[in-house]
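Novice: Chain residues, written in single-letter form:
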Amino acid sequence: MGKPCIHCGEDCGKHPVLWDDKPFCCNGCKTVYQILNEKELKQYYQIEKMPGIRVETEPVGEKYAYLDLEEIKTKLLDFSDGGISKVNLFIPSIHCASCIWLLENLSTLHSGVINSTVNFPRKEANITFKEDEITLRQVVELLASIHYIPEITLEKSSEDPTKKSNKTLLLKIGITGFVLMNVMMYNFPEYLPGGELLENDFRRLFGWLSLALSIPVVVYTSNDYYLSAYKSLKHKIISIDLPIAIGIITLFLQSAFDIITDTGIGYIDSLTGLVFFLLIGKWYQGKTYQALSFERDYKSYFPIAVTKIVDGKEEIIPLEKLAEGDHILVRNQELIPADSRILKGDANIDYSFVTGESLPVSKEVGDLIFAGGRQVGSSIELEVYKAVEQSYLTQLWNQEKSADKFDSRLNTLINMVSQYFTAIILAIAIGAGAYWLFIDKRLAVFVFTSVLIVACPCALALTVPFTFGSTIRQFGRRGFYLKKTDVIEQLNKIKAIVFDKTGTITQNKALKADFIGEMLSDETILKIKSIVRHSTHPLSAGLFLSLPGNDFYQVDNFKELPGMGITGFIAGSRFNIGSKKFVMGKAEEELGLKTRVYVSKDAKALGFFQLENQYRQGLGEVISDLKTNFELHLLTGDNEAEKQNLIPLFGDESKLQFNQSPTDKLAYVKNLKSDGKTVLMVGDGLNDAGALNESDVGITIADDIYHFSPACDAILESKQFMNLNKFIRFTHTSLTVVRISFVISFIYNIGGLYFAVSGLLTPVIAAILMPISSVSVVAFATFTIAHFARRNLSFGKN
Amino acid sequence: MSVIFFLIAIGIIVAGGFLAAFIWSVKSGQYDDDYTPSVRMLFDNYAPEDDHVQEAEERKPENASSPKKNSKTSNRNNNKS
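So the sequence lines, in the order shown, correspond to chains A and B. The opening residue of the first sequence carries number 1 in our numbering; numbering runs sequentially from there. The opening residue of the second sequence carries number 799 in our numbering; numbering runs sequentially from there.
Treat the hints loosely; a few may be bogus.
As the list claims (entries may be wrong) - Derived SDA-like pairs (lysine to any residue); straight-line CA-CA distance at most 25 angstroms:
1) LYS825(B) x PRO216(A)
2) LYS73(A) x TYR706(A)
3) LYS86(A) x ASP830(B)
Unchecked claim - Ranges between beta-carbon positions, derived for each pair:
4) LYS75(A) x LEU840(B): 53 to 59 angstroms
5) LYS627(A) x PHE816(B): 56 to 62 angstroms
6) ASP675(A) x PHE816(B): 26 to 32 angstroms
7) ILE821(B) x PHE795(A): 39 to 45 angstroms
8) PHE816(B) x ALA779(A): 26 to 32 angstroms
9) ALA323(A) x ALA819(B): 53 to 59 angstroms
In short, the hints are calculated from the structure, not lab data. A virtual CB, placed ideally from N, CA and C, is assigned to each residue, including glycine.
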């Protein structure tokens with residue numbers, strides 16, 4: 001066990017890279033340390049221990065050359081004037097206080113940077129810089145040099161509307177709170193015994209003041225409720241907002257009548273209190289994961305610009321200008337932007353984002369390749385044969401969300417309850433009003449309005465935001481991020497679960513490596529591991545993870561030959577690791593279903609590793625647990641090689657579908673839905689995008705939640721996959737809590753109705769009843785959810 | 799008792815002032831990020847006295863191993879007026 005790297009905390013192995021007597025795991029980390037050390041930014045290492053990010057990439061080179069293009073620059077910059085520009089960059093690797101500190105001191109690293117501000121929850125850095133001293137490209141390269149690599153997309157931060165509505169909501173809460181506090185003060189004398197002794201002048205003044213203050217509440221802060229009640233009425237749905245809107249308006253009219261006719265002080269305190277609680281509920285429910293994106297489309301995954309070859313010269317053009325027939329150059333680690341044909345070079349395409357398959361596929365000149373893959377190895381030249389929008393994969397994105405998905409979302413529990421609720425309340429109000437017409441005509445209207453006032457379903461409307469809001473928070477702490485609260489209700493209705501195979505139920509990075517050949521000593525295995533550690537190739541990374549030990553050897557003369565393999569010396573002996581052709585000198589024979597990596601020591605072949613994707617930890621338990629309650633399906637684009645392993649897991653052979661194209665997957669989900677089943681799709685790659693979109697709930701499994709994932713309803717951290725069943729089961733608990741809260745609030749309503757129907761609803765009773773019912777329901781919902789989360793989701797927080 | 803009218807007027811004005819302050823703070827974006835400022839305020843005041851120092855690429859291990867307090871001398875890439 002070596003020392004931890006000063007920069008990133010990674011184990012340095014036996015032979016750390018030393019600099020200034022400090023151990024580093026790699027040269028990349030050392031370089032960043034040197035840069036920071038030189039600019040006297042070492043405080044970075046004091047705020048948090050080992051805060052750095054390990055990045056294994058080659059020099060940036062021309063990677064960011066496109067940022068010099070004027071048209072791309074204007075799209076990215078927030079503001080540009082007189083040589084001073086502002087840009088907002090999304091940097092997923094921001095993770096601690098040191099990151100904030102360093103990024104906010106960027107001006108020390110380069111004088112061209114005027115100012116930089118970090119927004120930690122959004123993982124964004126807002127950088128102001130002088131264009132004549134530093135270009136946008138240099139800013140990005142500067143960030144990359146200290147391993148804070150920004151993710152650049154042309155999609156203008158799509159969260160802007162939510163940001164604005166969040167601001168409006170805060171404003172509304174503030175205004176309502178202000179009115180509530182003042183009105184409560186004016187009404188306070190009325191609540192005390194002897195309040196009737198208050199001079200009439202005061203009573204009148206207080207009444208009129210309350211009325212005046214309540215106008216912004218009735219007109220502005222509660223306008224959402226009128227609007228949404230009206231909208232759902234137009235769709236012939238009685239939503240919970242309708243009785244709320246009726247309640248608010250009746251409260252206001254009754255109070256205005258009381259105050260104007262000088263018969264009382266009205267119910268303005270209840271009215272404002274009600275709106276205040278409702279807005280708080282909305283705010284609580286509106287908690288979002290700002291740095292996560294559930295709506296990304298292919299545009300945020302694809303490159304912004306591509307290198308086009310015109311008359312033998314390279315030219316950088318924006319992606320949208322790419323046309324059919326163009327010749328393009330794709331370098332190592334770059335994405336294939338459009339379906340194209342290979343003209344030149346050894347293509348070795350890593351489709352892990354598309355299919356979840358981490359092993360690269362090699363292609364020959366003349367082959368067709370689909371957009372979305374990443375080239376690993378040397379540069380290749382391609383001819384585009386389909387425009388970006390018409391590419392096979394991008395078309396999947398362009399499909400509209402099916403209409404019934406929207407419909408089913410409206411068909412929520414709360415709307416069903418409120419239909420009956422509204423009808424019953426209206427019946428009671430009219431009935432009680434009619435009854436009093438015969439007994440005491442003066443009270444009839446008062447009783448009618450009292451019923452509407454007291455029945456205003458404030459507590460009822462708060463149960464869902466608080467129960468689901470707490471559930472979302474509890475899930476989020478455990479690595480399961482929901483887009484919105486209504487996903488919880490959808491999850492609860494799930495009948496069938498469809499899994500993708502590669503990358504979803506198998507691990508993305510980790511591979512199972514079986515060595516076939518002569519027995520390797522532990523020492524040799526460690527030597528092989530020390531060599532593959534220096535390579536960024538997915539196979540090397542997979543091999544590195546699957547081999548034991550961490551006492552690394554010093555590797556000399558390490559070389560990576562793209563498309564061939566890697567080579568290096570340890571203690572004088574030469575190791576070659578890679579393809580058969582490279583290691584054994586013989587051409588690759590026809591491959592079976594599995595990938596092999598050959599190894600030789602001093603030109604003597606040792607054998608080969610047979611690599612297979614490994615199933616996720618706990619897969620067996622999750623599947624067998626889910627099997628008891630749900631119908632399970634498996635869709636995969638792979639061949640039937642693993643069928644025998646999967647049958648015991650899933651049981652029913654007919655539900656395992658192999659060789660499925662992305663469109664097949666989509667059709668399969670559609671088919672299940674047309675059988676009347678509520679479908680949960682669990683996937684990970686771009687090829688699942690269509691199916692994720694079509695299903696009732698789409699969950700994406702992601703190793704790194706801040707990196708790209710296809711549009712979905714929820715993101716699940718891959719290490720929490722084994723708890724998927726517990727999350728789904730917990731939604732039942734949430735729904736039960738909602739139902740119990742409904743009962744509690746009904747009890748309050750019935751109690752209130754007693755006063756209302758008998759014509760005894762005074763402002764005091766209303767002012768006591770309403771807050772008590774709301775607060776108790778809110779407390780019940782939040783505490784029970786927290787309690788059950790502790791008990792049933794006890795697999796720890798991360 | 800008429801002093802109460804006066805007090806109420808003052809009460810509304812004071813509370814209104816706070817409301818105005820709140821509205822201003824929301825509009826100026828102080829609630830956009832409710833986490834970073836809490837971290838930022840704990841950083842020691844670091845005054846980059848010399849914000850124009852040499853380019854990062856031109857560093858040499860030996861000169862950086864003995865960090866100089868004043869790297870102004872080595873500033874050559876800046877023509878900042």
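Novice: Evaluate each hint against the coordinates.
Specialist: Cross-check of the supplied hints:
The straight-line distance between the Cα atoms of LYS825(B) and PRO216(A) is roughly 18 angstroms, inside the 25 angstroms bound, and the hint therefore holds. Between the alpha carbons of LYS73(A) and TYR706(A) the distance comes to roughly 24 angstroms, so the proposed pair stays at or under 25 angstroms and holds. Simply put, LYS86(A) and ASP830(B) have alpha-carbon atoms about 18 angstroms apart, close enough for the 25 angstroms limit, and the pair holds. Distance hint check for LYS75(A) and LEU840(B): the Cβ-Cβ separation is about 36 angstroms, which falls outside the suggested range of 53 to 59 angstroms.
Against the hinted window of 56 to 62 angstroms, the Cβ-Cβ separation of LYS627(A) and PHE816(B) comes to about 59 angstroms, which satisfies the hint. The hinted range of 26 to 32 angstroms is not satisfied by ASP675(A) and PHE816(B), whose Cβ atoms lie roughly 59 angstroms apart. Between ILE821(B) and PHE795(A) the CB atoms are about 44 angstroms apart, so this pair conforms to the stated range of 39 to 45 angstroms. Between PHE816(B) and ALA779(A) the CB atoms are about 28 angstroms apart, so this pair conforms to the stated range of 26 to 32 angstroms.
For ALA323(A) paired with ALA819(B), a C-beta distance near 56 angstroms keeps the hint of 53 to 59 angstroms intact.
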